[in-house]
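Sequences listed follow chains A and B, in order. Quick note, the working numbering runs 1 ahead of the 1-based positions in the first sequence. Quick note, the working numbering runs 1 ahead of the 1-based positions in the second sequence.
No wet-lab data here; the hints were simulated from the structure. Treat the hints with care, as some may be off.
Since the list gives no way to pick one copy over another, a pair counts as held whenever it fits inside one copy or between any two copies.
[Unchecked claim] Straight line, CA to CA, 20 Å or less: simulated PhoX-like cross-link-like pairs of lysine-lysine:
hint, residue 1, residue 2
1, Lys17, Lys28
2, Lys116, Lys133
3, Lys140, Lys116
4, Lys32, Lys17
5, Lys28, Lys133
Number of protein chains: 2
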Amino acid sequence: MMTPAQRYERFLTDLKASGVRLTEQRKVIVKVLAEARDHPNADELYHRAYVLDGSVSLSTVYRTLRLLEDHGAIQRHDFDAGRARFENADTDHHDHLIDVDTGQVIEFRSERIEKLQAEIAAELGFDIVRHKLELYGRKRG
Amino acid sequence: MMTPAQRYERFLTDLKASGVRLTEQRKVIVKVLAEARDHPNADELYHRAYVLDGSVSLSTVYRTLRLLEDHGAIQRHDFDAGRARFENADTDHHDHLIDVDTGQVIEFRSERIEKLQAEIAAELGFDIVRHKLELYGRKRG
DNA sequence: ACGCAATTGCAAATCATTCGCAAATCAGTT
DNA sequence: AACTGATTTGCGAATGATTTGCAATTGCGT
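Work out the full structure: start from the sequences and follow the hints.
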């Protein structure tokens, strides 16, 4: 398991290796992402970054998110329509269970489901590029 | 398997039974939905409906889609972010495989995956309200 | 330190969707 | 078939998330 600090360093190393310019704003945004334990949206990231460095703008947050997504460093989700949410892509693949009452997001992973998905795609003549599995549930009374 | 005409009649019957007013525009939009073999978005539905009846506006398409979704008559998807797509809800439940090259949507159903999902949710202490499983794949060379 | 292309903040533009409101229309009642 | 009142409509303006144009700023190789 990576610590936020390790994740941050790795983000920077990877970006530099890809020839991406390390501006103050990008470093701050990347730091906020590295430290996030949840799945923040652009606005939440902006506010967290702004506290660390008032020179960060919402535009740059959006531009940096796109940049990081294109580099495969983060992943975009749209659990609720209209607002994209983000998370680091360095961790192992997992799917999400969203509590419909609280909005809480729980991560899980099932080897068996992954395998079944690949089988189904193969039967239909496809190779899976990516997939999205979201369970929306309610806590048992 | 229901024919488009049967689906159309059933839409109208159900709506009338729910005390929904059957306006000209709603009937046209419902007819277009009943006949759709794909997963059209609001704009596509608007164009198809407009051909049948020039008095249909995009606003009413959106309002009717919301109405039908609230009544459980249709289902909303957001395969590509930003544009919702719709399909009749009368057919059996199924999931989707989206061809990343062509955008084509293939429907499939797996009893085993459904079952696994329920098991996973149960382990986490949840009952599934709904779920979203989308495979994004590429045709095998 | 120099220079210039890449990046920034800001405000204005987009895109899908929703909303306000006056005019039109449905559906039950005479 | 006309009457009525609440619902629904089309229009254009409003919204909310995200993107973009542009002049000013900044990272970073020389």
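Hints versus structure:
1. Lys17 <-> Lys28: within (11 Å within a copy, 58 Å between copies)
2. Lys116 <-> Lys133: The answer is both: 14 Å in one copy and 17 Å across copies each meet 20 Å.
3. Lys140 <-> Lys116: The answer is between: 18 Å across copies meets 20 Å, while 27 Å in one copy does not.
4. Lys32 <-> Lys17: within (15 Å within a copy, 56 Å between copies)
5. Lys28 <-> Lys133: For Lys28 and Lys133, the Cα distance exceeds 20 Å both inside one copy (29 Å) and across copies (34 Å).
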